[in-house]
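A.B. asks: Listed below are the residues making up each chain.
There are 2 protein chains.
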Amino acid sequence: MRVVIDCMGGDNAPSEIVKGALMAAKEYDVEIILVGDEEGIKKEISEEFKNIMNRLQIIHTTEIITNDESPTLAIRRKKDSSMVVGLKYLKEGKADAFISAGSTGALLAGGLFIVGRIDGIDRPCLAPVIPGEKGHFMLLDSGANAECKPKNILQFGIMGSIYSKKVLGKENPKVGLVNIGAEEEKGTEFIKQSFNMLKNSNLNFIGNIEPREIPKGECDVVLSDGFVGNVILKLYEGVAQTIFDILKREIYSSLIYKIGGAILKPVFKKFKKDFDYTEYGGAILLGVNKVVIKAHGSSNAKAIKNAVRQSINCVKGNVIELIREEIKKNKEVDS
Amino acid sequence: MRVVIDCMGGDNAPSEIVKGALMAAKEYDVEIILVGDEEGIKKEISEEFKNIMNRLQIIHTTEIITNDESPTLAIRRKKDSSMVVGLKYLKEGKADAFISAGSTGALLAGGLFIVGRIDGIDRPCLAPVIPGEKGHFMLLDSGANAECKPKNILQFGIMGSIYSKKVLGKENPKVGLVNIGAEEEKGTEFIKQSFNMLKNSNLNFIGNIEPREIPKGECDVVLSDGFVGNVILKLYEGVAQTIFDILKREIYSSLIYKIGGAILKPVFKKFKKDFDYTEYGGAILLGVNKVVIKAHGSSNAKAIKNAVRQSINCVKGNVIELIREEIKKNKEVDS
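If you read the protein sequences in the order shown, they are chains F and W. Position 61 (the first sequence) corresponds to 61 in UniProt numbering; numbering is contiguous. Position 145 (the second sequence) corresponds to 145 in UniProt numbering; numbering is contiguous.
Treat the hints as calculated values from the structure; they're not laboratory data. From a predicted model like this one, the values you see are computed outputs, not experimental measurements. Honestly, I wouldn't trust all of these hints.
Among chain F residues calculated to face chain W with C-beta under 10 Å, some are [to be verified]:
#, residue
1, M53
2, L56
3, E133
4, A146
5, F190
6, K216
7, G261
8, V267
9, F275
10, E279
C-beta atoms are modelled at their ideal positions from N, C-alpha and C, and glycine is treated no differently.
The whole structure should be built from the sequences, with the hints applied where relevant.
C.D. replies: Encoded structure:
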């Protein structure tokens, strides 16, 4: 299995990206293709990785796509960027999965224009795995499509259920629709239509899920349009971060609190680990023809390593093929 | 000043509602009209409140509007419900403000059909005050209108700014639009149009606000449609609650952690107090002709007392009249 990695994307590129890729190559049975500035990449390959050099390949590129430029233009024009070259490798079958911590917009554009949509999928979506109280859950769409149609939501549900089963090991994933009330008649026209499509599908649809319930993690596949999904994703992070910032400031404000804080350090640490998004890798771009993973912009080496593990599980779980078959079946029922 | 209180709405009615109303009558210079089951209300009036009886009035009603019934039908049919009778008192000028912890939907319907909209306001909205790291902020609309138009958002901004100035004491309230990116060109068509209207208004518009930034409390007036606003409100509560549930469970899991927890008790307590929504009263229904306040369904006596204080500040701050004037001015500019 071969995973191609964009070494030039993200806040910590290329150093942490390359380190994470090397850690993955050492730990997993995988070949890694590193794309980016050759000199920068080579600098990170220390002695300890010399014995896995036969499973590494470096593709030198000269351009970098940044967060500030138009995603579509960047993908079209920067032919020698690490992202475009990496995605082309994937498209041409020279690799099985692609990982980037770079511009989300550019990755979406590249996924669509270079890798291409799965037949029958109208809109690919971004699907991160998020930690909750009773377990982790997927959130689809978390930001690829600010506006959606009910049939997109149904497709997100189908794709999320397959991923949840095959990669996260959930037997019969519970699918919920984000709504501002638990009752069927709540919400906008779009939500009501989406509800009906989900109800009539063969998904394990448990109905509306109120935002207050999301962090409990009892619903495995949480569905919404990409605007609301992105609000959920970012507010989730923001509230948790703010709470810990405040607690930390208070604890540091007096000696006695510092002692209390020291005693509870393992509790805070466990919490931080349990709620560490990087444990689950990145957000998969579901609905394109190959495994494409968007790692968090602030990814460190561990996050990249976990994204490689995630991509291996996706390929082994045959996720793309299963989505293709399921969407085809659904289309046949429709027509 | 007279405040009329629906004693039959909310999880803790009538006991906590009446208690809170009595506490307010004792503390503030206000007359209180208690509407609901007379016997149930009287039971709560203990000796300590006998000396304020001259500032209390009880209106006996026989019906209760529940959360399970159709709001509009309930308002139309249950003529002798505590909510309808209370709102009519308000409408007829027998009171200056109305508070209820009952059905949000029914209160919205009652606000519209009984109290009526302010001239020029297309959609009233629910506007709670939410605690943030650096200060509290308003969120409009937090659930009255699942679907909105850009001009509704502008009106929410005008109303929120006035309330923020007059009741929360913010000199030049910063107004932000919830969006999934800080840049002007981000988001849906609705968001882009709303952005333009806000930019061209005389509000202190600071641009898009990303959900991650909301809990910091640097933006005083946070604007969104009621669907997204309700998601924000409920997820905010949900994430905070989940984090504290997990920490509590962990702390109780061992003796040494319990000791650490005991040392940090004042820290947790301060946090809880700072983030206690009841400190700020309830969510005001902005855009109707009088002061109407929706207290949280789980309100205790303190929350009701604070909602009375909030309603007094609203009336004293002349919020409704100022909104009426500002909307009129805006309309004249438009035409």
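A.B. asks: Hint by hint, say whether it matches the structure.
C.D. replies: Taking the hints in turn, this is what the structure says about them:
no.	hint	result
1	M53	40 Å, violated
2	L56	36 Å, violated
3	E133	5 Å, holds
4	A146	5 Å, holds
5	F190	9 Å, holds
6	K216	6 Å, holds
7	G261	7 Å, holds
8	V267	4 Å, holds
9	F275	8 Å, holds
10	E279	16 Å, violated
Comparing the model with each earlier hint shows violations of hints 1, 2 and 10; every other hint is respected.
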